[in-house]
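Engineer: One letter stands for each residue in the lines below.
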Amino acid sequence: MAKEAVFESLKSAIIDGERDKTLAAVDAALKQGIAPADIIEKGMSPGMKEVGEKFARYEIYLPEMMMAAEAWEGAMKVLEPKIMAAGGERKKTGKVVLGTVAGDIHSIGKNIVGAMLKMSGFEVYDLGIDVPASHFVTKAEEVGADVIAASALMSTTMTQQKNIIEHLNARGVRAKYAVLVGGGSTTQDWADQIGADGYGRTAGDAATLAIKAVAKKGGKK
Amino acid sequence: MLSFSEVVYRALNGPICTERDFDLAIFVPNLRKVLQKYDIKYDPQNPIPADDDFADRIWEAAMEFLVATGMFCLDTERRILFTREEIEGALQTGPSGSVYGDGKDARIMPRRYPEDKTPPWCSGCGAGPVSKEEYVINIVKTYAEDALSDGITAPCITNVDGLPVQAGSPTAIEGAIRTIILTREGLRRAGRPGLAVVNEVASAIKAAEHIAGHRFGDPKVDHLEIGLIHELKIDLDALNKIMYTQSLNNLTFAENGVIIGGYAGGPAGVAVVTAAYNPVDMLVVRGAAQHPFIVPIEKGTTSRRDCIWARAAGLQALSRHSPLPAVGSGYSSAGPMTKMSYYEFAAWVIANVVSGGSCEMGVPYRGVLIDHCGPMEDIFANGIAHAVAGMSRKEANKIVLALLAKYEDKIPDPPTGKPYPEYYDTTARPNKECIALYREMRKEMSDEFGLKFRKTSPYG
Amino acid sequence: MLSFLEVVDRALNGPICTEKDFDLRIFVPNLRKVLQKYNIKYDPQNPVPSDDDLADRVWEAGIEFLIETGLFCLDTERRIIFTREEIESAIDSGPHGCVFGEGKDARVMPRRSPEDKTPPFCSVGPTSAPVSSDWIYLQAVKGHVMNPLSDALTMPCLTVVDGRQIVANSPLGIEGSIRAILLVREAMRRAGRPGMAVVNGVTTASRSQEHIAAHHFGMRKSDAFEIGTTHEMKIDFDSLNKITYALASGTLIFGENGLIIGGLAGGPAGVAVVQAAYNPVDLLVLRAAVQHPFPTHFDLVTSSIRESIWARSLGNQAATRNSTLPVVNIGYSAGGPMTKMLFYEHAAWCIASVASGGSIEVGGAGRGVTLDFTSPIEPIFASEMAHAVAGMTRKEVNKIVQSLLAKYEDKIRTPPPGKKYQECFDATAGMPIKEYNKMDLEVRKEMADEFGIQLKNTSPFL
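Protein chains in written order, with our numbering: chain A, 1 to 221; chain B, 1 to 460; chain C, 1 to 462.
A portion of the hints provided could be inaccurate.
Straight-line distance between alpha carbons at most 27 Å, and here's what the computed DSS-like set of lysine-lysine pairs gives [stated by the list, open to error]:
id	chain 1	residue 1	chain 2	residue 2
1	C	221	B	220
2	A	54	C	33
3	A	21	C	37
4	C	20	A	49
5	A	92	C	20
6	C	37	A	54
7	A	54	C	20
8	C	20	A	21
9	C	20	A	77
10	A	54	C	41
11	B	233	A	139
12	A	92	A	49
13	C	411	A	54
14	C	33	A	21
15	A	139	C	20
No lab work stands behind these hints, which were simulated from the structure alone.
Being a predicted model, the structure only gives us computed values, none of them experimental.
Extracted from the complex, chain A is given alone in its bound form:
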């Protein structure tokens, strides 16, 4: 198969969120001798880009995003070790620790944010829902994150976002992480009040904010 056709099949498989097809396409590409980095940059990344664009136009929704992200992650599990073995390094945009704060069980917004961050090349550590403030910090320290992203839907749970910042201060590590907040009841005013580094009104804002935050830190991983 011509290289272009290979890249096209990778792109479609990602857009369709077909994990098995993606893995098969990756396997075929590797057998053809295509470099892992090219598989990612020329085949898979354009697929993810199109997924993001379709999502922004409301042509597709969360399930398609999650499935595309799953297909992506499955492929990366195969490709990343090959890149490392060849002495290379996969360029990651950054690392994000993500979660819904303590007392809050809403997850859809968080899941969308997670998918969009992955599509933007971030390594995402999703802690799930009802996550105590200190757990965000502990995980961020453990994985060397760049960004902590905390979601809170309710007015009675958004104070936990402030709590995260207080825990960071208590451990003397506030300066190491950009803290982004979002979710139903949160506002820019609230983010300013608690000293967060960014506020996302929509899930789509999260990736843009995270990219800016990492750039400000002066490092892409």
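Fit chains B and C to the supplied structure of chain A, relying on the hints for placement.
Structural biologist: Quick look at chains B and C alone, frame taken from chain A:
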């Protein structure tokens, strides 16, 4: 006294600390410091110490330890600190003569001192986990029929129509509701409808379960029992229960189960921490009674020599200095329908009463074997408690030593005793064998130690 | 109908499954299958469809989807599965004429169908909007409750206790929840509506212990807990615990389904089918007296957009044509109080709901998330609109909704924020400022001139 909303504020905004740091960098070093400073040492030869100066040193050690350590809120990972003035303020505003129960069943919680003649408060019923709902009704009824029973510690059902009760789940909500309904029915059948239930809601773990169950009893006389976490820790769930009680006339039993072999270390540390819990129970739990029970880390019996010593020493310290009455609870390691369980109950109850405490009669076999319950051991213990009010600690110490000699060596491998169906008959009352053993043990206590029992139960 | 204990047993012992597998390998494929099989497609041109066959296909699709998918219990990671017989039995045993409230304020929840003349049930209030102080809370609730067409109250959410921000699941949550219900009862008393029902007990509460604690302090059997599923087709112990308590205490339940357009159910077509599927779930699991769905866009966070109106309308039609469980739609609009946009939005989704067989709960302003942005004026207007269209055809209502959408649709992303309660009302007297009344009258005239709708003018403020 500090307001509860201020305590909540501190739980949400106090200084941040990890649990590990609280335990090993704050709690343990602070305790070791005061044990040394005040020369608090365990004396195994005298399970009931009789040294007022020693008791006072334990108290001072405890207050100093509490001011330096504070409490730890698990959910927020923050410390709740109190000043000496705030603790003194709490001690000065402590409860006085709380009335539990209603109508003819109303009983006043006494404040007692070491060697006090004042009759102790006695609550219990001797049931832990039970498999059938009718057992709850019958056991509660039997215990409530004793005129010396001032309150009820309700049993705990283990299943809802065959579905196991699982904490945090709907079966626990339904289990809590049923428990209180069954307990109330047992009291009604005993002709004691106004008797207080002091451990609401048995079967419940989480705040949602307690609060749900509470709705289905009699809020005037059903009181939540709220506990802290070993040691000097609390979580939002417990604070939520307390907040709920603030809107009601709840006379909370503030439970502290200090562990020998846990963070408080040996008996000396445990005695100090038990005393330290007393103002905590006022300031944080907003209790009407402190409810301590000391257990060793490996098995939950309270009748071991070191447990008895720590209980006696701790109780003497706090009863000499605080208005908050202490109702000590206890378990036997032997199961029901064994002489050993009777000896064990007698030992810790005597130590409790002569050291200034009142009693909540607990459960045989550490409350861990389903359907292995009282209540005859509890009724016996009621009698013991009243019989030793006013006795000197020295005299009581001799009795306890003699009792320890009868059972101490069997604690590691105690007899399991019999389950409910083997000592209750078809008329829903204790059977002949059960009553015979109960009477035999009363006679033994009377003959060997000169204890005089009152005839207040239908069983003699 | 299946016993609730049996449902609990299935939550504890049903087939094990990870959440991810439930979402992506069960829910999504099953939904896609029925959408294709039953040819359910979104029609943006007709926000209020009037195709009974389509509605019935949505219902069939919803039932088939439910049987294949079941519900997921988050705490046990197990599926709760129902057979068709169990679903049909639940529908057979559905509620009949539940009474909300007591005394002169008692109101019967009607069972309605599309184009039904029966007046809709109007539950009115700040719909969980956050409020900053006890006083604003009291006055705002009183204003809503003064609405003569209000059949019940949907209470707001207190955010502060004595100056301290409420933290969910903490003692402040307990106290906040208790205080909220006490304030509601006092507000109702002051408005002369002491027997009115609360249908979203207990807002301010997040976890079951807060709901249950507050219940002891002012909720009655004729009130309702609002208990919900989690997006989508999920439930947890906390909700099941609330249900257990509600059943034991004899309190009614509003079965809340907050569907997300753009979430797992995908676009409007999927959301309509899942909304229909939730109807028997609300009977079997939530043990509800009412289905309480509100499809909200994940990004725009309102239910007044075209997609939401369409999905809700079709879901309503499907359920009300085939089930015994009445539907009461809640709505969140983007415009803030004292903006014409809010009037239009509330009117649009309310009349769409009513013509499609539903009743209404109105309504959240400013997406229901900004502090103190609540007012009784637009909900009073919307209640009157709801009554005015009872009996109107869906085709007729569709035209009106199209016109209303044209007035605000392009402003959805950046709606006018409007004013806080204390800015558009004299907070002490509890009366709107003059300009507000003027705006109210203008919009009413618009409805008359443009659509021939003569509103009753029941407002105590005009």
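Engineer: A separate judgement is required for each hint: does it hold in the structure or not?
Structural biologist: Hint-by-hint comparison with the structure:
no.: 1; hint: C:221 - B:220; verdict: holds (21 Å)
no.: 2; hint: A:54 - C:33; verdict: holds (22 Å)
no.: 3; hint: A:21 - C:37; verdict: holds (25 Å)
no.: 4; hint: C:20 - A:49; verdict: holds (23 Å)
no.: 5; hint: A:92 - C:20; verdict: holds (25 Å)
no.: 6; hint: C:37 - A:54; verdict: holds (25 Å)
no.: 7; hint: A:54 - C:20; verdict: holds (23 Å)
no.: 8; hint: C:20 - A:21; verdict: holds (19 Å)
no.: 9; hint: C:20 - A:77; verdict: holds (18 Å)
no.: 10; hint: A:54 - C:41; verdict: holds (19 Å)
no.: 11; hint: B:233 - A:139; verdict: holds (24 Å)
no.: 12; hint: A:92 - A:49; verdict: holds (15 Å)
no.: 13; hint: C:411 - A:54; verdict: holds (22 Å)
no.: 14; hint: C:33 - A:21; verdict: holds (20 Å)
no.: 15; hint: A:139 - C:20; verdict: holds (22 Å)
Of the numbered hints stated above, none is contradicted by the structure.
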